Amino acid sequence: MEQLLVPMMCRIDKVIQETPDIRTYRLKFKEEGMMDRFNWLPGQFVEFSLLGSGECTFCIASSSTRKETFDCSIKRAGVVTADIHTGLDEGDEVGIRGPYGNWFPLEDLKGKNLLFVGGGIGLAPLRSLIQYCIDNRKDYKDFTILYGARTSADLCYKDEIADWRKDPSLKVILTIDKPEETWKENVGVVPKILEEVVKPVVENTKVITCGPPIMIKYTLLSLDKLGFAPKDVITTLEMKMQCGLGKCGRCNIGSTYVCKDGPVFTYEQLKKLPDEF
Amino acid sequence: MDYTNQIREIAARLFSENKIDVFVGYRMTGFDENQVPVLIRDPKEVPRLVFNDKSVFNLTNYLKHEHTRGKRVGLVVKGCDSRSLQLLLTESQVKRDRLYVVGIACEGVVDDAGQKYQNCQECVFPDAVVFDEMLGTPKGNGQYQVNADIRELASKDLVERRAYFEEVFENCIRCNACRHSCPMCYCAKCCIDQESSTLYNGANTTSAAFHALMTWSLHLAGRCVDCRNCEKACPSHLPLHLLHKWNEQVIYENFQEHLAGVHEGDRGAFYKYSLQDPDDFIM
Amino acid sequence: MNTEIFVTDKAGLATFYEAIIAKHETYAPVEKFGKYEFKKVSALSGCDPDAPIATTMSAKPLFFPRSAKIMKYTADASGTKVSETDEDPLSAQRVILGMKHCDARSLQVLDKVYNWDFIDTDYQKRRRNTVIISARCDKADTHCFCTSLDYNVERLDAMDVLIVNGADGKVYIEPRTEKGKSFLEGDLTHHMTHVRDNEEAAKAMKKQYDAFAGSFRLNMDYKTVNEGLSKIFDSPQFENVSDNCVGCNTCAFVCPTCHCFKISDEKVKDTGVRYKSYDSCNNGYFTLMAGGHNPRPVKYRRWRQRALHKFVYYKERFGENLCVGCGKCTRACPVNISIFEVVSTLPHINNIQ
Amino acid sequence: MEAAVNNQLVSIEKPEIVAPPDWQPVIIGILCNWCSYAGSDLTGTSRIQYPPNIRIIRVPCSSRVDPWFLIKSLQTTADGVLVSGCHPGDCHYISGNYYARRRFLVTKKLLHFTGFHENRIQFSWVSAAEGPKFAKVVAKVTEDIKKLGPLHLYKKENFEK
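So the protein lines, in turn, are chains A, B, C and D. According to my numbering, the stretch in the first sequence is residues 1 to 277, in order. According to my numbering, the stretch in the second sequence is residues 1001 to 1283, in order. According to my numbering, the stretch in the third sequence is residues 2001 to 2353, in order. According to my numbering, the stretch in the fourth sequence is residues 3001 to 3161, in order.
Note that these hints are calculated values from the structure, not bench results. These figures come from a predicted structure and were not determined experimentally. Each hint should be verified, as a subset may be incorrect.
Stated by the list, open to error - Distance condition first, Cα-Cα at most 20 Å in a straight line; then the derived PhoX-like pairs of lysine-lysine:
#: 1; chain 1: C; residue 1: Lys2072; chain 2: A; residue 2: Lys30
#: 2; chain 1: D; residue 1: Lys3109; chain 2: B; residue 2: Lys1156
#: 3; chain 1: B; residue 1: Lys1189; chain 2: B; residue 2: Lys1054
Taking the hints into account, I'd like the entire structure generated from these sequences.
Structural data, given as structure tokens:
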């Protein structure tokens, strides 16, 4: 198995400072032709390693339809991510293995209205799916993106959100937790805005949500209240992982391995799992 | 040495007087001669308590766990256990008014073969030094003596000692059971397994074992009470007492220090100094 | 019935062992610091293949090393170079002597997880190139309960060659797999009597087994345990039974079926090694995520994970109990917690005799 | 104490370890900010030569030196460690070096007990005015470690090749 755990080296093409503590790293494989062989679908994750520091699990934040490079958005949270933030710059090399895990049920989403609910760094996996859906625009109906963060400075992908806003068929709603002087848009936590401002249509709509655990918890309750069926709500779970191969025994919730059977789950599946996440 | 009945009486009395929330003692495993520590919360379970010369584990270890934190605890301590309790009190890890300590005038505990453990044979303070109530007749302090294993090993030369300890470190499986069962290791995050990449060696190699065991024993130098919880917990049966006893002896001989945890308010050799400390090894 | 059995005596068995050690790379229980452990041996005098006590550590490290190098890297101005380690995942055949039934069985259990989805080729290679020679225990230890689990101890085919010490002083050697059969061919068994479908030998072996099976003090019905445990995830009982656990991880390290590992890097300046080494779900930081969220922050939850993983989750996923009843964890536990006692009493079954 | 056998330098603790011909010891110097670091600075500004084997780490006080640092140094790269602080009584923090002295003795003795030569870790008191003394100390430590041969603790084998 040791060979499976050896990463492929990537070069950092670009570093984008999204917020004070989130950076997006645009990566490209060093080896010729590897980029073509590296195929992923929205929702999958990679093991990102800073050699000498350790490995971390990050979802791929860009879509495979834009394939010259791929993005990982990294929030400074622990030891390795702190090393990544301080130690990595454009032109540096990192190790990548993957992609692992399952992906958003793209076939099920076809012909449906899509409501994306994201919070903080949770927009990263959604961004991959949003890009994918924009590139396959004809397959899907209306798009609504609800995105919240603690402050306006904590909103990721500001440039890209501005681009999305230019597209009339995309409805983008932003919110922050506490009022700020220059902020002209919604104020309030995501579930509240979801109920009071977005007021989504329940019919023929799939909801994809990702964010901090506490946001997911209340968003799921709100969605329940709004009348969404659990099978129409899709979320991604976060668990500590180390191998990504279903061997290291870290990410299981009951007999489900998040790294193999997840990280994408429907609310219906989540309800069946023991309460340990 | 059998204080089963007395301990049951005390525990029942403490519960009925509502002085404690939990009583930490020993019970039989139910399948062999050995005993399991037990945390009794329900007065109905008091008859499960036992105490005899198979009551080996140092119960002060349970004072650091989330299960007894903030609770009023009744506790059975032998001589060595009481010394670790004394140190925990001095280091402000437990509050004295939350404890009810049943001290034992210990006659030594025995292993599976019925043989007294080495630390019991060499015990200097068999009587509990902290207690609210004492069981048994105090025997008085013993004489400090150099550990037999240490004497034997110290007489060997450098190459032999290095080879011997290399084998010890090689056989360490880095499970950290020694640290977890040590009552004096209460740090929320231990320096030998901080998940910080540059300092911690997660790998299970000989050098990592050298690093972990040496650092650990030096952090316990002057604080080890020789209860040998670590050694009894070690699945590889490593002679961990060698490291601790050696440090204890160096401190005892060079700084004329008392053994750890004997006097109230004494934090151990590394927390004080004397102008007369040996200086000849420094250039 | 088509069984081949080689019959010999104690001296013949020693000759057999000696021949193996002389010819192959051999591992056998060796006494170290007052306990037995599998070590490479070069002479029969240094080891004890018939050690009455099971090894403290299981044979797991021979297949799943305590610390395996994943890769090395060196960084310089031209970039980072990653190289696979030169560690040999075993290419020549090796023999393990004196492996107990429970240890041998554990490999069958581990096969399931290692051959699932991503296949662990190194593990497979080690498995394929190892001949396991196992002597059946004569007597169960205080903590053994292998006969209570979901495998047939008597007809177990996890070992390649089975050795049974008959009550009559005779030793019966039976190949249990094709690998074992071809291993026994040749001059290893020249000095033995070769019998086929011999009723007398079968009877003697059966008799030995019956005596062995009768010596078990612990008996439980694993089906009740599986079923009982699967229903009590939310039970407050877990808090009570895990009360006196000191969270020392020893049980997972000595367990022959625990297979969790961690990946860690070590570096010196511009070079480094990445290791894969054992870990335990009893560690507080096992599931601690960056940012501070921990799904199993308290002891009883970690404890529950361990118990249920062994008897419920693994069973659901792979159809086997992740426990072989060897009792190693109970022997190693500093506070003598018995997994048997816990799992059999938890679902309110009381089978301790 | 001569570790050389047949003109080859071997480790004094583990004779099977032979130093390569061009071997130079790596010595970690942990110096207190107020005296020894200033002293080493003076050595440099006075243009006194001392062996280049030492790698200097500056700490606020010699009592900042946890025994862990010494163990860690030996485990990773160092063949020897030198810890240097203010003279007794001169500590910037009044009594830091008195505490440190106790720890050093215990660490040194423990390492000796577990099979490492006493000279693997050495201590000195060097004040800010003692530039020549610092050079002498480093020269002596380097000389000592060279005689002891490579330490080659278990870890190094993982990184070579």
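Now the hints, each set against the structure:
no.	hint	result
1	C:Lys2072 / A:Lys30	holds (18 Å)
2	D:Lys3109 / B:Lys1156	holds (15 Å)
3	B:Lys1189 / B:Lys1054	violated (32 Å)
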